[in-house]
Amino acid sequence: MNGALLSILIFLPILASAIVAFSPLSQKLTKYITLLVAGVQLLIAMGLYLNFSQTAGEYGMTSFSYVEKVKWFEFSLANYGKISADYFVGIDGLGLSMVLLSVLVMVIATISSWNITDRYKGYFALFLLLNGAIIGCFVALDFLLFYLFFEFMLLPMYFLIGLWGGPRREYASIKFFLYTLFGSILILIVLIALNISTIDPVKTAIEVDLIETADQYSEKVETQVHKMLNFGKISSTMHVHTFNLIYMTDPANLIPGSILDTEGTRMLLGLPLRLVAFLLIFIGFAIKIPVVPFHTWLPDAHVEAPTPISVILAGVLLKVGAYGLIRAGIFIFPDGLIHFSWWLGLLGVISIIYGAMNALASNDLKKLIAYSSVSHMGFVLLGISALSSEGFGGAIYQMVSHGVIAAGLFLIAGVLSDRTHDRLIENYSGLAQKMPKYTVMVVIFFFASMGLPGFSGFIAEIFVLIGSFISPLLPGWMMIVASIVLVLSAAYYLWTIQRMFYGPFYYRLSDDRTIFTDLTKREHLMFWPLVVIALLLGIFPHFLFDLINESVSQGIDLLSAQGLVNLKSIIK
Amino acid sequence: MEELSQKLSALINDLGFLGAEYAVAATIILVLLFDLFLSNRRLSESIAVTGLLISIYLLVTSFSGPGSTKFLFQNMLLLSKAAVFWKIVVAVSALFCILLFISSNSKFRRSEALIFILALLLASNFLIMSSNLLMVYFCIETISISSYILAYFSFDKKGTEAALKYLLFGATSAAVMLYGLSLLFAITGTLDFTSQQFVDTLLATKALPLIIISILVLAGILFKIAAVPFHIWSPDVYTAAPTPIVALFSVVPKIAGIAILIKIVLALNLFGQSAINWPVMISTIALATITVGNFSALWQSNFKRMMAYSSIAQTGFLLAAVAAFSEVGLSSLSFYAIVFALANLAVFALIQFFEKSYQTVGMKDYSGLFKKEPIAGVLLLVALLSLTGLPPTAGFTGKFLIFGALWDSYSISENNWLLTLLIFGLLNTVVSLFYYLKVPYFMIFKEAEGSGKNSQILFGLENYLTALLVVAILLLFFRPDWLMGWINNINFAF
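Chains as they are written, first to last, in the working numbering: chain A, 1 to 572; chain B, 1001 to 1494.
Read the hints as simulated data drawn from the structure, not as lab findings. Hints should not be assumed to be uniformly reliable.
[Stated by the list, open to error] Which residues of chain A face chain B? A few of them, derived with a C-beta cut under 10 Å, are:
{"no.": "1", "residue": "Phe150"}
{"no.": "2", "residue": "Phe159"}
{"no.": "3", "residue": "Tyr179"}
{"no.": "4", "residue": "Gly257"}
{"no.": "5", "residue": "Ser258"}
{"no.": "6", "residue": "Thr262"}
{"no.": "7", "residue": "Leu268"}
{"no.": "8", "residue": "Leu271"}
By construction, the Cβ of each residue, glycine as well, lies at the ideal position given by its N, Cα and C atoms.
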């Protein structure tokens, strides 16, 4: 039941991208190919979902299904030992939920790209490339592979915003690129340090002749390798340094005396190096999420990006940041999470408030939605830093839920700007009369986003709030402040509805009433799946919770048990 | 008398180890003669290429043979596997530059340029092997003299100015270096910097004179590799000289200079016993070089001038690897040097292609060219991304290895300078992205002003060469073990 399904998910779009770029296809054929690719991906992801089961137990190799592991490269480097990297992919509940979200958003975004005719070849080739890179990020279990996909998303995104975006697209695209690259560099610094500090117990065991092939590896061998490592019995030339994200979570794999060793006493600026590393990696991913004050690229990028790209950006790309923070940040540095949880929670709360305030003050519909994204992603951070099952589960739930709802919200802004090329809220009034179906859709998504019971956002936010309230680390007022801010989100959405849709019809810039046509069939096709899923996840939360349940409990076990042990040992 | 004859037979014996150099020297003479009597352009060009190919073949066979470290000519030269490795890199780069030159438009005195390129290569070969201070000085001077003349090969007013500036700076730094060398000789009483006497006497020397001497000695080498603060000549020269010559300058003397810098710095470091803290010194120079190079490149509007500052910054990254003072650092450095050479040569080849086809000079001239030359545009983008150090290019792997070596040295020595270099060096990547993307930005995002310019050349030799280089850049990202397998056989420390 293994096959190479995940590889197909990654490389199908990349292959299609090459075909689209180098063959003389018509626009129609090109977009059907793109849709076909996304459709096949959706089918595969559904297949993965239906056959998925995650075994209980500790977080480790056994938590992942559909694993593919092939040697990528391995070379020795002077007296440093060997560096080895694998093409290593696999998914657990967390990864699968993200993959499902991204293939869904990809299908919707493809439909939304239907009318792109300007340089369509480049557009769809880059679009497919982006698609492959995103999936790669969610399934990679080797840090180098993850980083490759993580960086590789930037380039297509840069061109997609910069070439097909709005009036200030060039500024927005380079700002996006530089900001996220800055974050990636911080991650890279930690990535290198992790590689230096971590060994691959299996390959090291082979290197020191404990076993001959990887098949003979057992727990006994593992204990032996760890013992030998701990007593310095393995000379540095025998170390096989790894990028494996799972080995990195186990402190027993850290070389004693190395930079990120939990037993070490290395300090920098008065902080243990492990905590410094956690801060670097946190900032790196926080730029992507984005967390206030690292968010300033987001409004620009969102406002200038073409609609389908905004949909991907809000629906999936922000989740890559949050997913990375979980997989490569807090799972590897649980001590950092515990030590800084108060500050992380505070940043989450600030994001929630600041995003909502800005949304309230925005007069551009797209900017309003962009800031509401900042606000809602704040819940993810709050949930993660709560260190309780409810909070962590709620955070993952919020990632999926926000992915679905934000995609819908940006489509809503896209529908309007397709017709008038103008998104200023104050220019419109009484749209409900001209575009009733559109208004219904707007109301549905606005209500979903403000967390109305029955929609997925409600479940996610309520779990985050409960989680942060019962959190052993966060003070109670954070939850109270965060929930009060929910009123603000109701305020900016309702106020927008009132300004744009109620009252007599009026459009400031043009007297031409014929441009205000209601939703087309294609647009219905984009909206309804999202509505159905938002409702489904709001009414039957177990669909998603069953999927991520095991990930959540494994994650919380890892974080609280391992985190405390590590923290005690680094702050002596 | 007996001793003398022994020495003589040893010298004669040593002559057998320099096959590659003879090939280059013979090529120089042949090109000179054929040019004098037949003055057939094609003929002298094919002689140069053939001679260089023979030289590379000889180098490769001696590299794959049993490698033993050998002193030649009374400790004047040290023939080691590392030296052969560097010589191969330099020779292949020079071959590439000659091919570029052959396909260039330059009209005057083509054979003379070939001769000077080969002379520069020959001197670089000897520089790489030197283990004697006088030999070092002699080789650096030979490289410099060839360079001064080559810098003038565009035969215009700007070329004259650049060559003269180059000459003045070069002569000054050479004099400074010579002074330093003579002081070193005065203290140690030997010119052989690999000898025990050299180490012993320097160990007894006080810190202050040692610092002064080291700075003086380094001046000449830092000038050759264009490191801060001896980099001022390079932007002018890069702008004025013909493109293939600039490609040559940006790679061959730089790599030879780095190779000898490693040897001299390791000698002066005295196995870490030196009174000077060398890691601090080198990392300061490296950080200054990276930062100055990157920030100056930001403001440039001429592509070649920007590439001058870019290669200053790249020198800084090479120096960063030296600053790690570890075997890992040196292995990483050799990987990075190769990747840097590949990407830099690719960029200059494309610059030449666009110069020839569209008369481009400034970055603005590249506006809208992506539509006309999509393949060349993609190649340029990949090469520039490799210089930036983004995956999936080998530039990323190279930076990864260098900064890995710095982390590793930091974890052993806890020297905070190394950490500073690590963090600020990597953050400089963000700055460099901004200017590296400028030309692709103009090519892809801007529309051409006026549509008169159209290419006559569809796909030149430059493009095939670049395609080859870019494939290598991508391949080395996905399979770094192929190159690292070779590098691991080499002991770079002496």
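Now for the hints, and whether the structure bears them out:
no.	hint	verdict
1	Phe150	9 Å, holds
2	Phe159	7 Å, holds
3	Tyr179	9 Å, holds
4	Gly257	8 Å, holds
5	Ser258	6 Å, holds
6	Thr262	14 Å, violated
7	Leu268	7 Å, holds
8	Leu271	13 Å, violated
The structure fails to meet hints 6, 8 from the earlier list, while all remaining hints are met.
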